[in-house]
Amino acid sequence: MNQQSHERAPALHADGSLRHLLTLEGLPRALLERLLERAQHYSRPLGTPPARSQALQGITVATLFTEPSTRTRVSFELAAQRLGADVASIEMQLSSRLKGESMLDTIRTLESLHVDVFVLRDAQTDVPDLVARNVAAHVSVLSGGAGNYAHPTQGLLDTLTILQHKGRIAGLSIAIVGDVRHSRVARSAWHAFATLGATDIRLVAPPALMPNEQEFGGCARFHRLEDGIAGCDVVMMLRIQKERMTEAAIPGAAEYFAEWGLTPQRLAAARPDAIVMHPQPMNRGIEIASQVADGPQSVIRDQVRNGVAVRMAVLEAVIAGRSSPALSTGKDAADWRQRGPRP
Amino acid sequence: MNQQSHERAPALHADGSLRHLLTLEGLPRALLERLLERAQHYSRPLGTPPARSQALQGITVATLFTEPSTRTRVSFELAAQRLGADVASIEMQLSSRLKGESMLDTIRTLESLHVDVFVLRDAQTDVPDLVARNVAAHVSVLSGGAGNYAHPTQGLLDTLTILQHKGRIAGLSIAIVGDVRHSRVARSAWHAFATLGATDIRLVAPPALMPNEQEFGGCARFHRLEDGIAGCDVVMMLRIQKERMTEAAIPGAAEYFAEWGLTPQRLAAARPDAIVMHPQPMNRGIEIASQVADGPQSVIRDQVRNGVAVRMAVLEAVIAGRSSPALSTGKDAADWRQRGPRP
Amino acid sequence: MNQQSHERAPALHADGSLRHLLTLEGLPRALLERLLERAQHYSRPLGTPPARSQALQGITVATLFTEPSTRTRVSFELAAQRLGADVASIEMQLSSRLKGESMLDTIRTLESLHVDVFVLRDAQTDVPDLVARNVAAHVSVLSGGAGNYAHPTQGLLDTLTILQHKGRIAGLSIAIVGDVRHSRVARSAWHAFATLGATDIRLVAPPALMPNEQEFGGCARFHRLEDGIAGCDVVMMLRIQKERMTEAAIPGAAEYFAEWGLTPQRLAAARPDAIVMHPQPMNRGIEIASQVADGPQSVIRDQVRNGVAVRMAVLEAVIAGRSSPALSTGKDAADWRQRGPRP
Numbered sequence: 000m001n002q003q004s005h006e007r008a009p010a011l012h013a014d015g016s017l018r019h020l021l022t023l024e025g026l027p028r029a030l031l032e033r034l035l036e037r038a039q040h041y042s043r044p045l046g047t048p049p050a051r052s053q054a055l056q057g058i059t060v061a062t063l064f065t066e067p068s069t070r071t072r073v074s075f076e077l078a079a080q081r082l083g084a085d086v087a088s089i090e091m092q093l094s095s096r097l098k099g100e101s102m103l104d105t106i107r108t109l110e111s112l113h114v115d116v117f118v119l120r121d122a123q124t125d126v127p128d129l130v131a132r133n134v135a136a137h138v139s140v141l142s143g144g145a146g147n148y149a150h151p152t153q154g155l156l157d158t159l160t161i162l163q164h165k166g167r168i169a170g171l172s173i174a175i176v177g178d179v180r181h182s183r184v185a186r187s188a189w190h191a192f193a194t195l196g197a198t199d200i201r202l203v204a205p206p207a208l209m210p211n212e213q214e215f216g217g218c219a220r221f222h223r224l225e226d227g228i229a230g231c232d233v234v235m236m237l238r239i240q241k242e243r244m245t246e247a248a249i250p251g252a253a254e255y256f257a258e259w260g261l262t263p264q265r266l267a268a269a270r271p272d273a274i275v276m277h278p279q280p281m282n283r284g285i286e287i288a289s290q291v292a293d294g295p296q297s298v299i300r301d302q303v304r305n306g307v308a309v310r311m312a313v314l315e316a317v318i319a320g321r322s323s324p325a326l327s328t329g330k331d332a333a334d335w336r337q338r339g340p341r342p
Numbered sequence: 000m001n002q003q004s005h006e007r008a009p010a011l012h013a014d015g016s017l018r019h020l021l022t023l024e025g026l027p028r029a030l031l032e033r034l035l036e037r038a039q040h041y042s043r044p045l046g047t048p049p050a051r052s053q054a055l056q057g058i059t060v061a062t063l064f065t066e067p068s069t070r071t072r073v074s075f076e077l078a079a080q081r082l083g084a085d086v087a088s089i090e091m092q093l094s095s096r097l098k099g100e101s102m103l104d105t106i107r108t109l110e111s112l113h114v115d116v117f118v119l120r121d122a123q124t125d126v127p128d129l130v131a132r133n134v135a136a137h138v139s140v141l142s143g144g145a146g147n148y149a150h151p152t153q154g155l156l157d158t159l160t161i162l163q164h165k166g167r168i169a170g171l172s173i174a175i176v177g178d179v180r181h182s183r184v185a186r187s188a189w190h191a192f193a194t195l196g197a198t199d200i201r202l203v204a205p206p207a208l209m210p211n212e213q214e215f216g217g218c219a220r221f222h223r224l225e226d227g228i229a230g231c232d233v234v235m236m237l238r239i240q241k242e243r244m245t246e247a248a249i250p251g252a253a254e255y256f257a258e259w260g261l262t263p264q265r266l267a268a269a270r271p272d273a274i275v276m277h278p279q280p281m282n283r284g285i286e287i288a289s290q291v292a293d294g295p296q297s298v299i300r301d302q303v304r305n306g307v308a309v310r311m312a313v314l315e316a317v318i319a320g321r322s323s324p325a326l327s328t329g330k331d332a333a334d335w336r337q338r339g340p341r342p
Numbered sequence: 000m001n002q003q004s005h006e007r008a009p010a011l012h013a014d015g016s017l018r019h020l021l022t023l024e025g026l027p028r029a030l031l032e033r034l035l036e037r038a039q040h041y042s043r044p045l046g047t048p049p050a051r052s053q054a055l056q057g058i059t060v061a062t063l064f065t066e067p068s069t070r071t072r073v074s075f076e077l078a079a080q081r082l083g084a085d086v087a088s089i090e091m092q093l094s095s096r097l098k099g100e101s102m103l104d105t106i107r108t109l110e111s112l113h114v115d116v117f118v119l120r121d122a123q124t125d126v127p128d129l130v131a132r133n134v135a136a137h138v139s140v141l142s143g144g145a146g147n148y149a150h151p152t153q154g155l156l157d158t159l160t161i162l163q164h165k166g167r168i169a170g171l172s173i174a175i176v177g178d179v180r181h182s183r184v185a186r187s188a189w190h191a192f193a194t195l196g197a198t199d200i201r202l203v204a205p206p207a208l209m210p211n212e213q214e215f216g217g218c219a220r221f222h223r224l225e226d227g228i229a230g231c232d233v234v235m236m237l238r239i240q241k242e243r244m245t246e247a248a249i250p251g252a253a254e255y256f257a258e259w260g261l262t263p264q265r266l267a268a269a270r271p272d273a274i275v276m277h278p279q280p281m282n283r284g285i286e287i288a289s290q291v292a293d294g295p296q297s298v299i300r301d302q303v304r305n306g307v308a309v310r311m312a313v314l315e316a317v318i319a320g321r322s323s324p325a326l327s328t329g330k331d332a333a334d335w336r337q338r339g340p341r342p
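Protein chains in written order, with numbering that gives the first Met the number 0: chain A, 0 to 342; chain B, 0 to 342; chain C, 0 to 342.
Derived from the structure by calculation, the hints contain no laboratory data. Some hints could be false.
[Said to hold, decoys possible] To be clear about the criterion: a stretch of chain A counts as covered by chain B if any three or more of its residues have a C-beta under 8 Å from a C-beta of chain B, and this derived list gives those stretches:
1) 19-26
2) 220-233
3) 254-261
4) 303-317
[Claimed, not checked] Over 12 Å on every C-beta distance to chain B, these chain C residues come out as not near it, computed from the model:
5) R107
6) T108
7) H137
8) Q163
9) K165
10) F221
[Unchecked claim] Selected chain B positions facing chain C (Cβ under 10 Å, derived; list incomplete):
11) L45
12) G46
13) V73
14) A247
15) P280
16) R304
Think of the CB as a built atom: it goes at the ideal place given N, C-alpha and C, for glycine as much as any other residue.
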């Protein structure tokens, strides 16, 4: 495998419709807005029945997670079920030495079982892209989170949640707080915000957890929580891992909370109508106080709820995209036939 | 969390319909009888197709087991599927220190994915109740077994099995044999039997495995197997764990069997038409001889079969209950709206 | 349990229809051909929707795997789903001492949950047969691979793949290469090939990995790869386990590949239109070179694709078989009623 020097798998079909979703970076604004619109169409208040359709009738979706994530996995699987798809759920450990190769053989096998869409989650940045470059022309690959690189459906659900509460992205002040350096959540959210015209995105982190200067171009950077969230509309908290505290020379959870924990007092620095977000799972009492997590400004549960709607919209889009006539007679399809066993 | 001094989650809606099923204790007799009647409606002989309906069309049921139990999990999941529900199946380990908190965040997350019914199984007595006190008004919680405290659907299926074979509960002599002290199965069965008017319930156990005197009020207690089951109509065997033998100062499996194993010879002390029950999994040759487990008086397989029927009846009841007009305009629903992110 | 001296569970109903599929050995040629014909009916090119029917509407299929195998499990589960069945998926570890007994109690339990078809996978040769001898008359057992003994659906899909590419079995030269001695894949394929009139089957293996002389009657044996595949139409590669190399006194993977790895150079000894098969997962660079595995003569992906079609055909056959009038009034059904708890 040549993982260093390759072209990324193209996200779009020739006709501009969505084929893979591996990152939000570079996704055309019109397509992003269309996905958010469809997600809003599928969004329902809690306590009312979830949206359903038969848009994926006859389609098979496989979730293949090498990192456990109940929330993301169940969210994708319910989205697929509620669209009428068949679902195959696979959790597997792959030895790291053979990972790429074993992953590709597994994918080819599942592809041969008529799997149409793969949802992949992996600790390694490149795995979904590697898979996307190797699947047949009628197959789509969706990232369910890959390394530090991207978590595109999380970025979409974060954006949808802000839109539902603030009505727009452009013109908002949005603070992303915590371990930005290692966060795929931060990267995917930032890609969406930037595409939708945000101009005041602030990274708020201890120096050691701040991303390299080349990344997150145009974002202001703050090393003190109160400064970073002062007057902002949206506070996006990130999860902190214990090993990252050590990197940041913070002795432990109590010290992290003392300096970086979002308490009601600190939140008062933001606008009074600021909303608070967190991708979960939360470390209560470490990066966020329970009074904030469960308080009136928290929209954390809306984020989760929007997760199913966003995933329904993405699944619908990739299946709709592949049936376009441009695709079915295209070059890729011919390639595929040539790759078959009988030339 | 305040796990010591709280009101239990109320099992019923204001209109008396079933909301949660965490224990059979205190459940009104009419409701218990209605559940058993519906379970009988869903009960089918083996070799004929299982009952089906679309009563749960559009409903999502999640099983969340922190203790493995293939039988109970599959039984609930097939019950939900056969009623037309979507099913999300989750097995997870939670670190004990953070258990309550992690469990609640997980539950809130799943609730936000439009899960309508949770089936919980946990080694800790209080977990399902903790969850039930914290879910939204439209959500129901069913216990799939919690600590020593309760296993209510097991109690229902045991009762249904007796009714199918004996036609009544009141007036029967029922012996519960083995490790009664640590048994959620014994407690839930006893609650149902007592509600339905049983007056001759006998606890048969070594002294160390007998429950405290305050519990199981009105039950006779026996310390010798033959005495306890003499002339009885029903022999309910319980599973013995190895560590409990030690507590009871019984050196090992062979010694336990010698004194407490239900053999054909010992069973002869019961009525000739007595039925033998076991909640499974069985320790053959320890608490029960294979000749008895597989013999003509055994109704163990009927118990399992009734498990699906009982779980269908309970799922149907909680979903029917929540759509009653009393609920949808009630106080709880208003509470829920207030808990939403946008007041 | 008496595992030594028993009759094998009969594969067929009294009317000759299929009841269990535990091995292909002894299966009547007409039945084998009918299964292959139906599998071909269910076979679809990749990139087109998979076949579907409602032939298993109302039927419950349980997969019970004590050995992990994503490919075989997902293949059976998708086959069942695409025929409209409910599916219960169970992975379990059974302690070896109690295996037979625990397995039977588990099976009886699942049978009582109205499971109609069991798909079993186990490292022990006898487990599926043990189960088949003990299930109720309306229940079918399918092997998903058992010890070294048999992997009958793999044998069917291998045969179907050859038929699709060569149009016949009789008259072909087929080389089975590698660890034939320990291979259930080799045994099941050979049973099918022999039944369909193959006369030139060659076993190609190091002496230590060659089966006993009593087995594989009529097959030619070769100890050098090039000799064994010379002029043949089909090269069936087998997976080699590391511990088997040691048995064969081969120091390691590199040495195995040097002597036994199928490279393009070596493959040139076969007919130019020879096809190459592998049951997967592959050890690339050990028993097979990637250039061959992914090359123009490889039909490995067709094998996987045919796996779903073959499993649909088998599921359909056993469910169709049990509804035949001969069965529903037959001796077995009466036996079953007598085994019920109420005589």
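Here's how the hints hold up against the structure:
1. A count of 0 residues in the segment 19-26 of chain A with a Cβ less than 8 Å from any Cβ of chain B is obtained; the coverage claim is therefore unmet, three being the minimum.
2. Against chain B, the segment 220-233 of chain A contributes 0 residues with a C-beta closer than 8 Å to a partner C-beta. That does not satisfy the three-residue criterion, and the hint is violated.
3. Counting residues of the segment 254-261 of chain A whose CB falls under 8 Å from any CB of chain B gives 0; the rule of at least 3 is not met.
4. Against chain B, the segment 303-317 of chain A contributes 4 residues with a C-beta closer than 8 Å to a partner C-beta. That satisfies the three-residue criterion, and the hint holds.
5. At roughly 6 Å from the closest C-beta of chain B, the C-beta of R107 of chain C falls inside 12 Å, breaking its exclusion from the interface.
6. With a minimum CB-CB distance of about 5 Å to chain B, T108 of chain C fails to clear the 12 Å threshold, and the non-interface call is violated.
7. Residue-level check failed: H137 of chain C sits 4 Å from the nearest beta carbon of chain B, not beyond 12 Å.
8. Here Q163 of chain C stays apart from chain B, with its beta-carbon at least about 35 Å from theirs, past the 12 Å limit.
9. Consistency note on K165 of chain C: stated as away from chain B, and its beta-carbon is indeed over 12 Å from all of that chain's, at 42 Å minimum.
10. Even its closest Cβ contact with chain B, about 46 Å, leaves F221 of chain C beyond 12 Å, as expected for a residue assigned away from the interface.
11. The interface hint given for L45 of chain B holds, since its Cβ lies 6 Å from the closest Cβ of chain C, which is under the 10 Å cut-off.
12. Taking 10 Å as the C-beta contact cut-off toward chain C, the hint placing G46 of chain B at the interface holds, the least distance being around 4 Å.
13. The interface hint given for V73 of chain B is met, as the beta carbon of that residue sits about 5 Å from the closest beta carbon of chain C, less than 10 Å.
14. Interface hint at A247 of chain B: violated, since its Cβ lies 23 Å from the closest Cβ of chain C, which is beyond the 10 Å cut-off.
15. Residue-level restraint check for P280 of chain B holds (minimum Cβ-Cβ distance to chain C is 6 Å; threshold 10 Å).
16. Given hint, R304 of chain B at the interface with chain C, holds; its Cβ is 4 Å from that chain's nearest Cβ, closer than 10 Å.
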